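Undergrad: Residues per chain are reported as follows:
Protein chains: 2
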Amino acid sequence: MTDRCADLGERELVRRITEILGIWEKDDCAVVEDGDRYLVWTTDILHRRADFPEIATGWQIGWMAVAVNLSDVAAMGAVPLGLLIAAGIPPETQVAFAEEIFRGMNDCALGYGTRILGGDLDSFDELTLSGTALGWVEKDLILRRRGARPGDLLCTTGTLGSAGAGLRAALEAEGRGDGSVDDPDLQALTRRLLLPSPRMEEGRALALSGGVTSMMDNSDGLALSLFDLSQAGGVGFLVQEEKIPIDPLVSKVAEDGDDALDLALYSGGDFELLFTLNPDRIDDAARGCDLAVIGTVLGEREISIDSGGPRRRLQPRGYQHMTRGEAGGGRDRR
Amino acid sequence: MTDRCADLGERELVRRITEILGIWEKDDCAVVEDGDRYLVWTTDILHRRADFPEIATGWQIGWMAVAVNLSDVAAMGAVPLGLLIAAGIPPETQVAFAEEIFRGMNDCALGYGTRILGGDLDSFDELTLSGTALGWVEKDLILRRRGARPGDLLCTTGTLGSAGAGLRAALEAEGRGDGSVDDPDLQALTRRLLLPSPRMEEGRALALSGGVTSMMDNSDGLALSLFDLSQAGGVGFLVQEEKIPIDPLVSKVAEDGDDALDLALYSGGDFELLFTLNPDRIDDAARGCDLAVIGTVLGEREISIDSGGPRRRLQPRGYQHMTRGEAGGGRDRR
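The listed protein sequences correspond, in order, to chains A and B.
Okay, so the first sequence: first residue is 1 according to the numbering used here, each after it adds one.
Okay, so the second sequence: first residue is 1 according to the numbering used here, each after it adds one.
None of these hints come from the bench; they were simulated from the model.
Owing to the predicted nature of the structure, the values given are computational and were not obtained by experimental measurement.
Among these hints, one or two may not hold up.
As the list makes no split between identical chains, a pair holds if one copy fits it or if it spans any two.
Derived lysine to aspartate or glutamate pairs resembling DMTMM-like cross-links, with alpha carbons at most 20 angstroms apart [to be verified]: (1) Lys-139 - Asp-36; (2) Lys-26 - Glu-99; (3) Lys-139 - Asp-259; (4) Lys-26 - Asp-140; (5) Lys-139 - Asp-34; (6) Lys-252 - Asp-284; (7) Lys-139 - Asp-178; (8) Lys-243 - Glu-33; (9) Lys-243 - Asp-262; (10) Lys-252 - Asp-36; (11) Lys-252 - Asp-3; (12) Lys-26 - Asp-262; (13) Lys-139 - Glu-99; (14) Lys-139 - Glu-33; (15) Lys-243 - Glu-172; (16) Lys-252 - Glu-242; (17) Lys-26 - Asp-280; (18) Lys-243 - Glu-302; (19) Lys-252 - Glu-99; (20) Lys-252 - Asp-125; (21) Lys-243 - Glu-174; (22) Lys-252 - Glu-300.
Work out the full structure, taking the sequences as your base and the hints as a guide.
TA: Listed below in structure tokens is the structure:
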């Protein structure tokens, strides 16, 4: 008997729900026809217990709630049109703290060329911020999770593992009870966790480059994102371990090289773009943004990593909401 | 010192937040330019404690989460394009109950000619459903909260007080501990509460009629909605008590006529459309949908009710989230 949602796990529950709703294609955003362009549209709900470490300031919490939604718009190659925020605020919250949250939201939206246009406010026991972002993209430029072809290059923007390492540093600070991170390197890591940078310019540049064949953000971690991309595109991946751009600061909290690799593979929250690229177009794409080629697209659905010795299969490991205790070092931050 | 959000109250907190975000106009939906039309866009967050009475089935909970968002689209005179739902589900929730919620959402969306296009799923302590709906409307047909002119007629669709009376019947059933409502009339009232009917066709017909000068839904109750309409339009209202279309079933739970009037004025959840109408165009509007003229628009900002004797000022009473214990008989159901 699997009667409770916790017994099913998030991904099986999502499968059943999308079947009920008749949603057959999964992308970072829903897609709506709008004349000669598409509207792309996403929602992400964050809450205190799972998404906001204790050391997060109000301003950072607000920033994060906007950034995670903009990251989904970026992943479609789209331009943002605006955001709405539904906020559940505990009534005992200090007004100044609540105002800081909305200043953080506003600053993040303005920083990426868009605005918060409205929302809803309610009184909740647990601080809850549910955002939704709207954007547009030309029909021939939209980037989806499907589209990768065998022989394409597998690429990522930025560096990986920072948010997972930052979370570890934050949890250690919480565990010590002082709630603060003093070391500048650890502070830099926790900033990557608390102030994610949605890759808006990069996403748009990659769409305009014409060479990208599929894309998503890596918010659930590289490994789970590869499984999502594999499922959507009917392809597999061979990742070259040495090419994964692990943030050098990750070594400050990782126990060893294997642990650093685990943080880069299995922890969420980096909000980089993971994409596949026509190898003939790599120059066009690289002109648009910094990217790292980390592997190749395979015709079979296997997802493996080449670490110099025999290939190893990657595990679909990462955070799943409905299955407690399986976090792979990262909180889910989609 | 007013340091906590609870001390400020919802409306003052909203005022401060909208100032931070630079939102100067409040309508049922945010409005985005889209070529020769507007996109209209809303979000509403509902949660177990405040919004879903114990007697509500999963299917009704899902229906409600979609209906409250569609009602905001209807209030702009718009056509829906789709919805997204972010759901926070307690992990111990029975899978069958969770599936029923999404079936209710799906049936409501399909019933009003639209679809749920995607969403987000997370594990929450409290069942939380945050919906967002997108729609479109021609630029010259959009209906906003501002626009009423002195001498216009004040009108409503449908009947009032049903949801407030239904809530009272539901709470009495919960208080008795059997959790069920057997009397057919009371069942009809609780259905009005649990299965709100967004006035999509009526909103669209009113927009197309060309005679409506301002509109909103009455989800916070008639009285608070009049204050919102007054503030947006810089006008006042004189309501004729005898013309308020109180649902005849309300008398089944109201103590007397005054109590029934209170339910019609101060309890939320009816999800009717409240609008002002050019008196020369009443025939055009009435061809489009059933409506009741309940008063007139005044040049001064006062909001009064004529009950036969001297005019009384209406109080801005209704549910405010952040101020516990001030509910006027209705849960907020925006």
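Undergrad: Compare the structure with each hint and give your call.
TA: We went through each hint and held it up to the structure:
no.	hint	verdict
1	Lys-139 - Asp-36	both (6 angstroms within a copy, 19 angstroms between copies)
2	Lys-26 - Glu-99	between (35 angstroms within a copy, 19 angstroms between copies)
3	Lys-139 - Asp-259	neither (42 angstroms within a copy, 57 angstroms between copies)
4	Lys-26 - Asp-140	within (19 angstroms within a copy, 36 angstroms between copies)
5	Lys-139 - Asp-34	both (9 angstroms within a copy, 16 angstroms between copies)
6	Lys-252 - Asp-284	neither (35 angstroms within a copy, 72 angstroms between copies)
7	Lys-139 - Asp-178	neither (51 angstroms within a copy, 55 angstroms between copies)
8	Lys-243 - Glu-33	neither (38 angstroms within a copy, 44 angstroms between copies)
9	Lys-243 - Asp-262	within (14 angstroms within a copy, 69 angstroms between copies)
10	Lys-252 - Asp-36	neither (49 angstroms within a copy, 55 angstroms between copies)
11	Lys-252 - Asp-3	neither (43 angstroms within a copy, 40 angstroms between copies)
12	Lys-26 - Asp-262	neither (26 angstroms within a copy, 48 angstroms between copies)
13	Lys-139 - Glu-99	neither (39 angstroms within a copy, 34 angstroms between copies)
14	Lys-139 - Glu-33	both (9 angstroms within a copy, 19 angstroms between copies)
15	Lys-243 - Glu-172	neither (29 angstroms within a copy, 65 angstroms between copies)
16	Lys-252 - Glu-242	within (19 angstroms within a copy, 74 angstroms between copies)
17	Lys-26 - Asp-280	neither (27 angstroms within a copy, 50 angstroms between copies)
18	Lys-243 - Glu-302	within (19 angstroms within a copy, 70 angstroms between copies)
19	Lys-252 - Glu-99	neither (34 angstroms within a copy, 45 angstroms between copies)
20	Lys-252 - Asp-125	neither (36 angstroms within a copy, 34 angstroms between copies)
21	Lys-243 - Glu-174	neither (33 angstroms within a copy, 61 angstroms between copies)
22	Lys-252 - Glu-300	neither (37 angstroms within a copy, 67 angstroms between copies)
This entry does not satisfy hints 3, 6, 7, 8, 10, 11, 12, 13, 15, 17, 19, 20, 21 and 22, going by the numbered hints stated previously.
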